[in-house]
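Engineer: So the sequences go chain by chain: A and B. In this note's numbering, each residue carries its 1-based index in the first sequence increased by 1028. In this note's numbering, each residue carries its 1-based index in the second sequence increased by 1028.
Among the hints, erroneous ones may be present.
[Unchecked claim] Lysine to aspartate or glutamate pairs mimicking DMTMM-like chemistry, simulated, CA-CA at most 25 Å apart:
id, chain 1, residue 1, chain 2, residue 2
1, B, K1244, B, E1188
2, B, K1244, B, D1216
3, A, K1244, A, E1187
4, B, K1212, B, D1056
5, A, K1212, A, D1253
6, A, K1212, A, D1059
7, B, K1118, A, D1216
8, A, K1118, B, E1187
9, B, K1118, B, D1229
10, B, K1118, A, D1059
11, A, K1118, B, D1216
12, A, K1244, A, D1216
It should be emphasised that the hints constitute simulated quantities derived from the structure, not laboratory data.
2 protein chains.
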Amino acid sequence: MASSARPAVVLVSGGLDSTTTLAMARADGFDCYALTIDYGQRHRRELEAAARIAAALGVSRNLIMPLDLRCFGGSALTADIPVPTSRDPKEMTDIPVTYVPARNTIFLALALAWAETLGAEDIFIGVNALDYSGYPDCRPEYIEAFEHLANLATKAGVEERSRFRVRMPLVALGKADIVRHAVKLGVDFAMTWSCYAPRADGRPCGVCDSCILRAKGFAEAGVQDPLTAAP
Amino acid sequence: MASSARPAVVLVSGGLDSTTTLAMARADGFDCYALTIDYGQRHRRELEAAARIAAALGVSRNLIMPLDLRCFGGSALTADIPVPTSRDPKEMTDIPVTYVPARNTIFLALALAWAETLGAEDIFIGVNALDYSGYPDCRPEYIEAFEHLANLATKAGVEERSRFRVRMPLVALGKADIVRHAVKLGVDFAMTWSCYAPRADGRPCGVCDSCILRAKGFAEAGVQDPLTAAP
């Protein structure tokens, strides 16, 4: 089966969005290569989640690539800047301090390099409506500019052997819709990880932006999140 | 002096082109931050050259960032593919096997991340006329597409605090012109390194594309290359 399917590179962080994106790419019949970047993020649990998810969803390969973005600093996810807590989603209108400079440009560039060597034309990324209210490099116009660049940047693009596409299956979805799609695709939410600042006992903090948005999504979808269920 | 100068990120590989680019950025009064990527290239001498050059040209910082592109493969510079030898420059019309998939997109994305955290708006890269006859990601239209992307991709760009520019001071120059500019700027050619496949005795091979183009440039400029002078 997998060998006749079209290959695709899927950026998998271990969170709810990228897991649902991977499940969608699989459901669309792609032979998936999961790329996870170990960029020195403080929420290391994310990386273990990514590896579990990639294995469970039967990817052809999961590449966990070390790339230490802490040497640049500038983000609450990579430097000594506090992760904000207990914010109302309505307050999350500015670009948050959890923004990592140029992160998606770096991740998409690495995905493009792998896609070119694999002979893949499709790159999947889990950006969505909620992200691009805050992060500049999650907006559709940004992703379209990257797609344009990808076809100028590569041997395969210039020789017209490939036409690279950056697929954003969640782009129009809010968090509750993502939860509903994930349920339909049989995603095991217990394997995913969203929290930026895990508690000492290994459970999600419940108060960072990522926990708050996840909780809101599950509540609106009427689904119980196994990560926050009473033990 | 340096503290009042505008900061710039300069991609420095250790070769003739990026060294001349760095010397030009310094001559233009920029406070330079040199970014060198240790991507697993077989010509490791390049990295030592980059560090020496950055120190000699008085950069504010030289960051040598490990990023192992060998995990993707696909290039004679990172995988077990022979480096071509003894080609006539006229034969070098196709995209060469020394092309590293999406390399400049990855390097520019990293430079952008650093620029954003430094508060720099300028990124220097040593692409030139000779490169873009072969490498897709050295062409001016590619660099312009990256510049457009950079301003969509970043918090600083979106909030209009910065307007990122990718500067290509060598873009219109051939190798002989680059040598002439470097002479005027006092570049010490003995510190640079171009060869893709150094000999066991540590001298340049003289037969890879990079050696051949370098030799042609020095010959046309009427300058003796100290790296190939008789011992």
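Engineer: For every hint, state whether the structure bears it out.
Structural biologist: Tested hints:
{"no.": "1", "hint": "B/K1244 - B/E1188", "result": "44 Å, violated"}
{"no.": "2", "hint": "B/K1244 - B/D1216", "result": "18 Å, holds"}
{"no.": "3", "hint": "A/K1244 - A/E1187", "result": "47 Å, violated"}
{"no.": "4", "hint": "B/K1212 - B/D1056", "result": "14 Å, holds"}
{"no.": "5", "hint": "A/K1212 - A/D1253", "result": "15 Å, holds"}
{"no.": "6", "hint": "A/K1212 - A/D1059", "result": "20 Å, holds"}
{"no.": "7", "hint": "B/K1118 - A/D1216", "result": "58 Å, violated"}
{"no.": "8", "hint": "A/K1118 - B/E1187", "result": "20 Å, holds"}
{"no.": "9", "hint": "B/K1118 - B/D1229", "result": "29 Å, violated"}
{"no.": "10", "hint": "B/K1118 - A/D1059", "result": "41 Å, violated"}
{"no.": "11", "hint": "A/K1118 - B/D1216", "result": "58 Å, violated"}
{"no.": "12", "hint": "A/K1244 - A/D1216", "result": "18 Å, holds"}
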